[in-house]
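Make the full structure from the sequences, and use the hints.
The sequence shown begins at 1 in my numbering and counts up one residue at a time.
Think of the hints as simulated: they come from the structure by calculation, not from any bench. Some hints here could point you the wrong way.
What the hints assert, rightly or not - Lysine-lysine pairs mimicking DSSO-like chemistry, simulated, CA-CA at most 27 Å apart:
# : residue 1 : residue 2
1 : Lys793    : Lys683
2 : Lys339    : Lys10
3 : Lys272    : Lys36
4 : Lys889    : Lys793
5 : Lys80     : Lys36
6 : Lys75     : Lys3
7 : Lys878    : Lys69
8 : Lys765    : Lys852
9 : Lys75     : Lys881
Quick caveat: nothing in here was measured; it's all calculated off a predicted structure.
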Amino acid sequence: MDKDPFKVKKKLSLLGKEFGYYSLSVLEEQGHEISKLPFSIRILLENALRNYDGFSVTQENVETLMNWKPEASDKDIPFKPARVLMQDFTGVPAVVDIAALREELARKGKNPETINPLVPVDLVIDHSVQVDYFATDYSYGRNMDEEFKRNVERYQFLKWAQQSFDNFRVVPPGMGICHQVNLEYFSKGVIERDGELFPDTLVGTDSHTPMVNGIGVVGWGVGGIEAEAAILGQPLYFIMPEVVGLKLTGKLPLGSTATDLVLTIANILRKKGVVGKFVEVFGPGCNHLSVPDRATIGNMSPEFGCTITYFPIDDKTLEYMTLSNRSEEQIAIVESYCKTNMLWRADEDKIQYTAIVELDMSTIEPTVAGPKRPQDKILLREFKPKFVSLLHDFFGRNYIEHNKREIIRSIDKFDGEGGDQPTYKAPENAEPSSVETIEKNGLKTIWIDRGDGKFKLSDGSVVIAAITSCTNTSNPFVMIGAGLVARKAREHGINVKPWVKTSLAPGSKVVTDYLEKADLMTDLEALKFHLVGYGCTSCIGNSGPLSPAIAQAVDENELVVASVLSGNRNFEARVHPQVKMNFLMSPMLVVAYAIAGRVDIDLVNDPISFDRNLQPVYLKDIWPTDDEINAIMSTVLSPKDFKKNYDEIFEGNDIWKNLQVPEGNLYHWDKNSTYIKEIPFFKNISAAAPELQNIINARALLVLGDSITTDHISPAGSFNEHSSAGKYLIEQGVPKESFNSYGSRRGNDEVMVRGTFANVRIKNKLAKSEGGYTNYLPTGEEMSVYDAAMKYKESNTALVVLAGKEYGSGSSRDWAAKGTFLLGIKCVIAESYERIHRSNLVGLGVLPLQYKIGDTAEQLGIDGTETFTISGISEDIKPLKEVKVVAQKENGVIIEFSAIARLDSLIEIEYYRNGGILQYVLRQFLEN
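This is how it looks when you write it as structure tokens:
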């Protein structure tokens with residue numbers, strides 16, 4: 001078969017070598033208007049040309065991409081990424097799946113070694129470190145020790161996979177965050193493999209994979225299931241994307257940061273509506289954005305709703321590659337290949353976009369976002385009045401200025417004080433703490449006296465201040481800026497408030513190197529921002545416990561306290577289950593609000609604090625100038641730091657090096673393990689896919705509103721002994737203090753299915769109680785979602801979920817789909833879906849239905865107590881087919897409506913028919 005039907009394979013002579021490549025310039029010469037295509041589409045086109053095989057990638061696929069139009073299309077296209085990126089929360093279940101596929105092949109007498117990664121896989125262990133210890137020199141070391149104690153079995157499993165699988169590398173704990181390591185080290189820009197050059201592309205099992213778009217690499221987040229298919233050589237199929245052009249003009253004004261810019265973009269693009277679309281950035285403003293600035297923007301693509309936010313390769317890319325110690329040869333390859341193959345940022349005026357959104361960066365002001373969605377932008381100068389209205393609208397409390405609050409009554413003594421987890425006992429020598437409560441017009445204020453001083457905790461108090469997340473810690477400008485805020489605060493004699501839990505968790509060791517060289521670590525530590533780990537920490541929900549006195553005050557008095565963090569996510573109960581308001585902001589503002597100790601303050605006009613002489617200190621007094629930041633950056637950033645840290649990236653500490661792991665190509669499953677279990681999906685799978693069936697007499701397990709995130713569906717954080725998952729672990733002999741988190745238990749389906757829809761903030765309209773509860777409709781009894789699902793399973797009753805807009809937004813969390821499937825849910829009916837979760841549902845054999853425009857459950861008169869029958873699945877199923885839904889109420893009234901089956905392509909129909917994408921892949925292996 002002709003592998004080059006379009007006759008575009010050419011040679012490029014470079015550095016005394018000759019490389020093959022697939023030329024887009026030749027297509028232009030042939031009359032195809034490649035110069036009008038967005039750069040991101042050009043990269044997809046090159047991918048299809050290079051991977052053409054006449055079967056999984058067809059001539060029609062290539063022509064579809066070659067003839068891309070700005071208008072929406074219903075044609076699906078293939079994509080074969082050059083590599084795959086994973087983190088440990090999503091990586092462990094993915095490796096469990098691959099090990100389980102091997103196990104089933106062995107049971108059927110096949111060679112299990114045929115299941116092996118066919119593209120390079122890098123897994124970075126970054127999601128498990130928790131802030132147990134903080135504000136001390138020993139915090140980092142002790143947090144690492146705790147991390148290994150909790151996760152040794154998971155880490156042994158990953159180390160076994162590294163030895164057992166080809167093309168599989170693991171970055172040990174404590175080395176960095178996957179996206180920052182990807183930006184600073186893994187990404188090549190252009191890859192040379194087997195004598196060919198082609199664009200570096202990837203998918204990652206974390207939704208913030210598009211951070212790498214900032215260095216000119218096309219990559220996005222997928223569920224673990226899709227990533228596993230890519231690892232095993234399957235193309236990923238998706239509908240041809242529309243491409244929205246984001247035109248940037250001007251440059252950031254003094255006092256504004258890339259964080260302010262990205263939070264503004266999140267607000268603009270969410271209003272525009274870019275779900276499932278590509279965004280490509282162009283315009284003269286790009287010349288004023290460094291790669292770290294661009295990466296900050298790319299990182300928050302899932303918060304924008306888009307698949308990628310792509311910055312084409314240009315001189316800024318090469319500058320960063322030089323700074324981050326890429327080789328001269330690699331940089332020469334990137335420049336020469338991109339300029340030769342129409343992938344260098346140039347001739348932007350010729351490109352046609354689906355739509356263009358313009359933003360003048362000179363209009364950007366200091367910004368925060370919250371309290372529970374990243375797109376909810378709040379200008380810093382409007383933060384205090386916005387908090388006042390949020391407090392009233394969300395919690396029914398009237399704001400009272402601090403100087404008008406009064407003490408009304410005293411309450412109990414607290415048991416103790418310390419930096420331990422909620423699941424650990426407080427230290428025996430902890431100081432006793434007394435509290436007094438203020439309550440007026442519903443607003444709460446608590447006075448706490450804990451031995452080291454008396455302080456006031458109120459609605460709006462900041463209890464967590466976290467400099468965290470690759471979103472911002474990859475950007476030296478804002479990190480050095482945070483250090484200078486701390487330095488100036490020290491010079492003015494002010495400090496952070498005693499009730500604030502502070503933490504510094506950079507995405508790579510390069511950050512602490514340049515902070516130490518600038519002597520800014522000393523200043524940050526003086527304000528209690530000590531290093532707690534190199535990992536995601538608060539951004540993923542691993543904030544660790546609040547001190548017992550504060551935790552008890554919050555719980556018993558229902559205080560509405562806040563967190564401030566330099567992360568990308570602030571969904572309900574994500575940062576910490578006791579913290580009801582969470583605000584995203586730059587690292588510099590995180591330090592400022594830790595000093596203020598509350599968010600109900602006008603930082604623009606009011607003093608941030610007072611020095612020992614009771615003189616007011618304002619934010620402007622401690623805010624560094626751009627020149628001050630740039631002067632330090634020019635002296636402390638060095639390629640040598642990147643070389644030093646990345647030369648040892650795979651080594652790990654002594655605990656990692658000494659981990660004992662089993663040998664062999666089949667994993668030795670321990671039946672007593674509560675961390676790693678063989679997933680039940682593939683056991684005794686049939687040789688052929690069963691026939692599709694209509695869904696008959698299903699009942700609703702949950703009825704949900706808008707913006708249900710994957711955190712709501714499959715939480716990542718801690719859980720207690722009263723939850724279904726906690727009860728299970730106690731039955732297995734696991735004490736409460738050893739529960740760890742949902743995220744760490746993702747290798748055990750028994751824990752995870754019990755944690756599905758168990759978020760403490762999820763609101764199911766079928767239940768009276770907030771949290772993971774539902775109404776078991778046959779008896780009207782309220783119980784946990786898991787218990788009800790098991791009762792329905794006993795009677796072979798199919799289940800559905802009803803939801804509103806943006807169902808499944810947030811992280812690329814495959815357990816949100818796996819848990820849905822294991823609960824017995826056959827179908828989700830929603831007004832709209834976020835891209836990754838819809839794909840994950842299909843990948844698990846769960847049917848995503850979408851109401852037709854104008855229809856909602858409420859508009860149709862459906863409340864979830866009905867019995868649902870869905871027909872049109874078993875016969876003549878095709879992409880985006882309208883199926884018939886009949887909802888029958890208890891009194892016999894019937895409501896009929898049509899909904900769209902969101903099986904968007906022929907290959908997705910095959911995945912659904914097989915019960916999932918991995919079942920489809922496994923049957924191919926068995927057949928061949």
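Could you work out which of the previously given hints the structure breaks and list their numbers from low to high?
Going through the list in order, the structure violates no hint and respects every one.
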